[in-house]
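Colleague: Chains as they are written, first to last, in my numbering: chain A, 1 to 275; chain B, 1 to 307.
A hint or two may mislead.
Unchecked claim - Take a look, some chain B residues computed to stay more than 12 Å from chain A by CB distance:
{"#": "1", "residue": "11"}
{"#": "2", "residue": "66"}
{"#": "3", "residue": "71"}
{"#": "4", "residue": "83"}
{"#": "5", "residue": "96"}
{"#": "6", "residue": "131"}
{"#": "7", "residue": "145"}
{"#": "8", "residue": "146"}
{"#": "9", "residue": "228"}
Stated by the list, open to error - One-sided and incomplete, this derived list gives chain A residues near chain B with beta-carbon spacing under 10 Å:
{"#": "10", "residue": "26"}
{"#": "11", "residue": "52"}
{"#": "12", "residue": "87"}
{"#": "13", "residue": "110"}
{"#": "14", "residue": "133"}
{"#": "15", "residue": "210"}
{"#": "16", "residue": "213"}
Stated by the list, open to error - Derived Cβ-Cβ restraints for the label pairs, each shown as a range:
{"#": "17", "chain 1": "A", "residue 1": "39", "chain 2": "B", "residue 2": "59", "range": "33 to 43 Å"}
{"#": "18", "chain 1": "B", "residue 1": "113", "chain 2": "A", "residue 2": "46", "range": "42 to 52 Å"}
{"#": "19", "chain 1": "B", "residue 1": "185", "chain 2": "A", "residue 2": "197", "range": "56 to 66 Å"}
{"#": "20", "chain 1": "B", "residue 1": "224", "chain 2": "A", "residue 2": "274", "range": "29 to 39 Å"}
{"#": "21", "chain 1": "B", "residue 1": "123", "chain 2": "A", "residue 2": "26", "range": "40 to 50 Å"}
{"#": "22", "chain 1": "A", "residue 1": "215", "chain 2": "B", "residue 2": "123", "range": "21 to 31 Å"}
None of these hints come from the bench; they were simulated from the model. Where is the CB? At the ideal position from N, CA and C, for every residue including glycine.
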Amino acid sequence: MTTDTGTAAAAPVPALPRYLVRQRVTLAGVLRSEWTKLRSLRSTVWSLSAAVVLIVGVGALVASVRRGPARPTGFDPTAISLTGVYLAQLAVGVLGVLLVTGEYATGMIRTSLAAVPRRLPVLWAKAAVFALTTTALCLPATVAAFLLGQSVLSAQHLGTTLGHPGAARAVLGGALFLTAVGLLGLGLGALLRNTAGAVSALFGLLFVLPITVGFLPGDWSEQLNKYLPMAAGTAITDVLPDPTALGPWSGLGLCFLYPAAALGLAARQLRRRDA
Amino acid sequence: MIEVRGLTKHYGDRVAVDDLSFTVRPGMVTGFLGPNGAGKSTTMRLILGLDAPTRGSVTVNGKPYREHSAPLHEVGAMLEARSVHTGRSAYHHLLALAQTSGIRRSRVDEVIDAVGLRAVARRRAGGFSLGMGQRLGIAAALLGDPRTVILDEPVNGLDPEGIRWIRTLLQSLAAEGRTVFVSSHLMSEMALTAQHLVVIGRGRLIADTGMQEFLARDARPVVRVRSTGPDALAALLRSPGVAVERAEGGALQVSGLTTDQIGRVAGEAGLVLLELTAQQASLEEVFMELTQDAVEYRASATTGAAR
């Protein structure tokens with residue numbers, strides 16, 4: 001291909017210079033590529049902005065409508081200020097789905113996989129970039145929600161502080177729970193390759209499954225529910241110990257196993273199936 | 001260099017590509033022709049490792065595509081134009097692609113300029129016209145200055161100026177010693193651009209030949225003749241194995257005789273010849289004839305199997 005430039009120079013078109021630097025595809029390169037992809041879509045900007053607004057806004061709203069002369073037993077001011085996390089998981093989870101299914105729907109996936117023919121680095125890089133971005137945006141949001149919520153609650157002398165045992169853990173945990181939900185969406189998207197199917201599966205796991213389990217006899221229901229992704233993952237946002245829930249960190253760890261399983265199955269499939 | 005050996009691809013019961021073997025050589029433009037559904041796009045996906053073959057193998061520059069550590073420098077491909085996220089700008093699409101292989105940002109700007117997308121590079125690709133989408137696909141294919149270029153229907157949706165641009169581009173890429181493999185359903189365009197042809201029908205190889213040899217395959221060359229006495233000449237020429245048809249302007253289309261033979265017959269009868277032209281079949285005609293056979297063969301084979 002490196003023939004003499006005489007013939008090439010004679011051609012008026014293209015005015016495209018040669019590019020003779022040859023570099024291998026590296027994971028670092030794929031990470032940079034996925035970061036460019038993530039930040040250059042409007043859906044990312046909108047979904048993550050919506051998540052931040054929901055975390056902070058809903059927390060402040062719920063805190064401000066809380067009325068009561070005295071602190072009732074079982075009153076958890078930290079959990080109240082983090083209520084927005086429950087709504088924000090919709091935005092983050094759906095974005096996770098769209099990051100992958102959007103590529104399948106538009107045909108972009110063929111470009112992505114042709115550029116990285118080993119394929120798996122695309123999935124890992126996508127997951128890593130999305131997880132870091134989600135944590136980096138949601139953690140300041142949960143901190144803000146906590147501070148704002150407590151300042152509202154403290155007007156009624158119901159507030160608490162980050163120094164209170166378990167409060168900082170809950171604030172950090174809320175952001176990490178959202179990251180797990182985002183990754184679950186991404187994993188389901190990669191597994192099912194279809195937006196409607198993956199969003200349904202995500203909502204099924206998060207919301208429908210707990211309702212279904214709720215119809216079981218009381219003891220079973222209680223035993224099973226704490227292992228489901230939402231109950232397991234949000235245990236960490238409760239400062240007051242809940243005897244029916246898993247421990248904060250073991251619950252969050254279990255919650256991360258769901259996306260890990262989805263991503264593992266998706267990876268297996270990505271290697272084998274036609275793009 | 002692309003080497004396809006016994007390539008076969010089934011999608012469920014459907015055979016998309018059936019025992020295909022051919023070689024695409026560097027230094028020339030190879031056209032890839034076939035009717036819709038012949039398996040052209042499937043073959044291109046198999047070449048790029050996007051789909052796995054049921055049987056057979058394909059290598060690009062000596063290795064299966066998936067084994068290349070710097071694939072964008074080996075093969076630049078434009079698959080169907082819709083291989084771009086519609087929500088992303090042309091610039092970011094190319095940048096994300098470049099970053100996988102550590103290609104510099106300045107190269108992204110170079111390819112954008114070379115395909116003439118500078119003015120719209122920051123606009124969402126979803127709003128692009130068909131022609132702009134094709135230019136974006138070509139920009140992506142040229143990003144890594146690849147040894148092999150594969151383009152699926154690159155002139156689709158381009159205006160005449162764009163078509164001329166592609167033609168010059170493909171020929172200069174080939175002149176630089178690259179392997180250039182281009183599919184098209186526009187036979188006339190291929191006749192002007194390609195030096196070699198690979199023709200498939202229903203997933204099977206129909207021809208793998210030079211352009212000139214392909215055109216010479218026409219079994220019944222036609223001679224166009226105009227004379228002062230067309231009726232008399234037609235009567236003299238008609239014989240077993242010779243077909244004479246009336247054309248517009250008093251001309252005759254004669255098949256089964258050479259120009260020499262017709263000229264002698266007219267001279268002996270004292271008829272003045274105004275025109276005597278051996279007409280080469282167009283690429284389109286040869287193509288239709290060949291692929292027609294493939295379709296018929298296939299149809300009868302299926303009926304036989306159904307019984």
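Colleague: Against each hint, give a clear statement of whether it holds in the structure.
Modeller: The hints, checked one at a time:
1. 11: violated (8 Å)
2. 66: violated (4 Å)
3. 71: violated (5 Å)
4. 83: violated (4 Å)
5. 96: Incorrect as stated: the minimum Cβ-Cβ distance to chain A is 4 Å, not above 12 Å.
6. 131: holds (16 Å)
7. 145: violated (4 Å)
8. 146: With a cut-off of 12 Å, residue 146 of chain B comes too close to chain A, as the shortest Cβ separation is near 8 Å.
9. 228: holds (48 Å)
10. 26: Cβ of residue 26 of chain A sits 7 Å from chain B, so the hint holds.
11. 52: violated (21 Å)
12. 87: violated (24 Å)
13. 110: With a closest approach of 5 Å, the residue 110 of chain A hint holds.
14. 133: Check failed: Cβ of residue 133 of chain A comes no nearer than 15 Å to chain B, outside 10 Å.
15. 210: violated (33 Å)
16. 213: Given a least distance of 37 Å, the restraint on residue 213 of chain A is violated.
17. A/39 to B/59: 33 to 43 Å: Hint holds: Cβ distance 37 Å, inside 33 to 43 Å.
18. B/113 to A/46: 42 to 52 Å: violated (32 Å)
19. B/185 to A/197: 56 to 66 Å: Roughly 34 Å apart at Cβ, these two residues miss the hinted range, so it is violated.
20. B/224 to A/274: 29 to 39 Å: violated (50 Å)
21. B/123 to A/26: 40 to 50 Å: Since residue 123 of chain B and residue 26 of chain A have Cβ atoms about 30 Å apart, the given range 40 to 50 Å is violated.
22. A/215 to B/123: 21 to 31 Å: violated (52 Å)
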